[in-house]
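Protein sequences, first through last, are from chains A and B. Using our numbering, the first residue of the first sequence is number 1, and each one after it goes up by one. Using our numbering, the first residue of the second sequence is number 1, and each one after it goes up by one.
Since the hints were derived computationally from the structure, they do not count as laboratory data. Just to be clear, a hint being listed does not mean it is correct.
All copies of an identical chain are treated as equivalent in the list; a pair is satisfied when it fits inside any one copy or across any two copies.
To be verified - The calculated SDA-like cross-link candidates involving lysine to any residue, where the alpha carbons are at most 20 angstroms apart (straight line), are:
id	residue 1	residue 2
1	Lys289	Pro211
2	Lys105	Pro248
3	Lys289	Arg276
4	Lys59	Pro318
5	Lys289	Leu210
6	Lys179	Pro252
7	Lys56	Tyr314
8	Lys289	Ala183
9	Lys59	Asp78
10	Lys333	Ile299
11	Lys289	His212
12	Lys332	Gly296
13	Lys59	Glu317
14	Lys332	Ala297
15	Lys289	Pro99
16	Lys56	His316
17	Lys289	Phe209
18	Lys332	Pro295
19	Lys117	Ala297
20	Lys105	Leu292
21	Lys289	His93
22	Lys258	Arg62
23	Lys332	Arg298
24	Lys332	Ile299
25	Lys56	Lys179
26	Lys289	Tyr314
Number of protein chains: 2
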Amino acid sequence: MPSLSVNVTSDFVTESVTPLNTLNESPKSSRTQMELLIGKIQADFVRALESFESEKVFKIDRWLRPEGGGGITCVLQDGDVFEKAGVNISVVHGHLPPPAVAQMKSRGKNFPDEGGKLPFFAAGVSSVIHPRNPFVPTIHFNYRYFEVEVLRDGNAERVWWFGGGTDLTPYYLNESDGKVFHAALKTACDQHDASYYPRFKQWCDEYFFLPHRGESRGIGGIFFDDLDTPNEEACFDFVQSCAESVIPSYVPLVEAHKDDAFSDEHRRWQLLRRGRYVEFNLVYDRGTKFGLCTPGARIESILMSLPLLAQWEYMHEPEEESPEGRLTAVLKKAREWL
Amino acid sequence: MPSLSVNVTSDFVTESVTPLNTLNESPKSSRTQMELLIGKIQADFVRALESFESEKVFKIDRWLRPEGGGGITCVLQDGDVFEKAGVNISVVHGHLPPPAVAQMKSRGKNFPDEGGKLPFFAAGVSSVIHPRNPFVPTIHFNYRYFEVEVLRDGNAERVWWFGGGTDLTPYYLNESDGKVFHAALKTACDQHDASYYPRFKQWCDEYFFLPHRGESRGIGGIFFDDLDTPNEEACFDFVQSCAESVIPSYVPLVEAHKDDAFSDEHRRWQLLRRGRYVEFNLVYDRGTKFGLCTPGARIESILMSLPLLAQWEYMHEPEEESPEGRLTAVLKKAREWL
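Bound-form chain A, shown alone (with noise of 0.2 angstroms):
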């Protein structure tokens, strides 16, 4: 099978989703190409988080949804450094429910009113990291390639688009991590087109918005969906070097502070502010309402985001002087870091 870029028995976790005759079928189709990406960079991230930790590996479940497709979820909790890190890929096809479809047209998709179903494939990676220690930041990214097959004028027509982004959210300011985390996504960016960076950082900051707090969920990153120019194999080459330079901007923050000295009130704080994160994922997260709402869509792999423990206090306010209330106000009022 040499028409295939990425050796799948040794590069993936486990075997893919979609059966190696099928991929080696349609080899340079964005669909393929997807699934191998999303693969390899699944397995890269889990290597390189299992190697922080002793004892905990991640648990990895490879599952196929009655409608068409499955996924590959790996999650390792309770374990030194990371005390709980979801990274999932996801290969599914089949038909959008309505509530799905209405989601697509309100943001603009210009799809026929047929008031049906329509069918379609989804590839993406998907991962929230959340670490023990509170100087340690929480990370999300994901990386998704999608088709919708339409009618137009009685001919069935493929519109495609890819989207995706990696943000940071941390318990504690560090200018530091800011930047160099930024840095690595601006070069990932710049690569491919000067006004990405740019563009996808503020759309992130729009994105990753509590309105009824507020405040932003974290210190950004990029953001982008409904890409579909100036070509496929543009878009996909984009899409590769975001997912790649996840390692690179996150790794070296895990190395430097996970063994950061942290007190009971630290730690106060990071549960209360990864009770934000809850309050994201569940009401406005795009993924995850996708998800909530799709039938036969995996639960326990859409909510693996969620953190090990949340808190909520009411009226807790950190004071504008400390630490805490440092991070609370960049949360307010979204700064530029490079």
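Model the placement of chain B on the given structure of chain A, informed by the hints.
Positioned in the frame of chain A, the structure of chain B alone reads:
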């Protein structure tokens, strides 16, 4: 001020939201009657719960809303018996935001299609009690009166209704507790209409359901909305009976189990179930969703319902024959209690 049926200065936890002289101008209106009822219900419940605590007392916040009205929020946190207890009343008016109008129309409200904002008034009491001991259930209740002013054929018309309910979320199944609790609700219902308990019990089972988990939040109770028959006075009397049944239905359960011995495993299960509570409240709860989309809403009062701590573990499934498994079986399939 002999015309008011409740002594606001001694029967409330603090001064009423609506100024006393305004209440005195229309002592018999549903608006006034409801504010008096919820103020007294709040104060009685706060005092009943505080009697269990050796040191902690409720923090009482009276707040006003720039758009009109306000509320009184009482929260006790980190007590001996109650880990987090919130009892809130609000009396708000202004204009309904379009998403709230859409939500009401979607459940059948026949509002004329003006496309604009509708003037509304709402008064309600809402409470969630998360005890420390895993053998004491969490209780939630909410009783509310709603008015919307619509223009029909050029005339302003007051559309009013009552809604609410009480429901129980145990962490461990106790047959006798479940029966006592449901019996108290049935007694309150039966005084008014023999069809209420069976109808509102079923409605509760349907409402407090998490489709993405395929399970109920707890063992139910009663739930109703849009109640406007047979007449305003009868509806108010019914709501009063329900609200007054909270203390006799719940306080004995606290008394009975607050000192039960429990292990780390019981605590862990309690926190996992609280994770589901968070999921329900943020994803489905009508009141929370209404609050999150209402400009100027007091977010700390809306989210006081969230527990102090909640936990999410990947793929945690209790064994069928364990106490945790027996609760889960009841959550998967609602049952009759009486």
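Going down the list of hints, with the structure as the test:
no.	hint	in the structure
1	Lys289 <-> Pro211	both (17 angstroms within a copy, 13 angstroms between copies)
2	Lys105 <-> Pro248	neither (36 angstroms within a copy, 51 angstroms between copies)
3	Lys289 <-> Arg276	both (17 angstroms within a copy, 16 angstroms between copies)
4	Lys59 <-> Pro318	between (37 angstroms within a copy, 18 angstroms between copies)
5	Lys289 <-> Leu210	both (15 angstroms within a copy, 14 angstroms between copies)
6	Lys179 <-> Pro252	within (13 angstroms within a copy, 57 angstroms between copies)
7	Lys56 <-> Tyr314	between (35 angstroms within a copy, 14 angstroms between copies)
8	Lys289 <-> Ala183	neither (30 angstroms within a copy, 38 angstroms between copies)
9	Lys59 <-> Asp78	within (12 angstroms within a copy, 35 angstroms between copies)
10	Lys333 <-> Ile299	between (33 angstroms within a copy, 19 angstroms between copies)
11	Lys289 <-> His212	both (18 angstroms within a copy, 11 angstroms between copies)
12	Lys332 <-> Gly296	between (38 angstroms within a copy, 17 angstroms between copies)
13	Lys59 <-> Glu317	between (37 angstroms within a copy, 15 angstroms between copies)
14	Lys332 <-> Ala297	between (34 angstroms within a copy, 18 angstroms between copies)
15	Lys289 <-> Pro99	both (10 angstroms within a copy, 17 angstroms between copies)
16	Lys56 <-> His316	between (34 angstroms within a copy, 17 angstroms between copies)
17	Lys289 <-> Phe209	both (16 angstroms within a copy, 17 angstroms between copies)
18	Lys332 <-> Pro295	between (36 angstroms within a copy, 17 angstroms between copies)
19	Lys117 <-> Ala297	within (16 angstroms within a copy, 37 angstroms between copies)
20	Lys105 <-> Leu292	within (18 angstroms within a copy, 23 angstroms between copies)
21	Lys289 <-> His93	within (17 angstroms within a copy, 31 angstroms between copies)
22	Lys258 <-> Arg62	neither (30 angstroms within a copy, 43 angstroms between copies)
23	Lys332 <-> Arg298	between (34 angstroms within a copy, 17 angstroms between copies)
24	Lys332 <-> Ile299	between (32 angstroms within a copy, 16 angstroms between copies)
25	Lys56 <-> Lys179	neither (31 angstroms within a copy, 44 angstroms between copies)
26	Lys289 <-> Tyr314	between (27 angstroms within a copy, 19 angstroms between copies)
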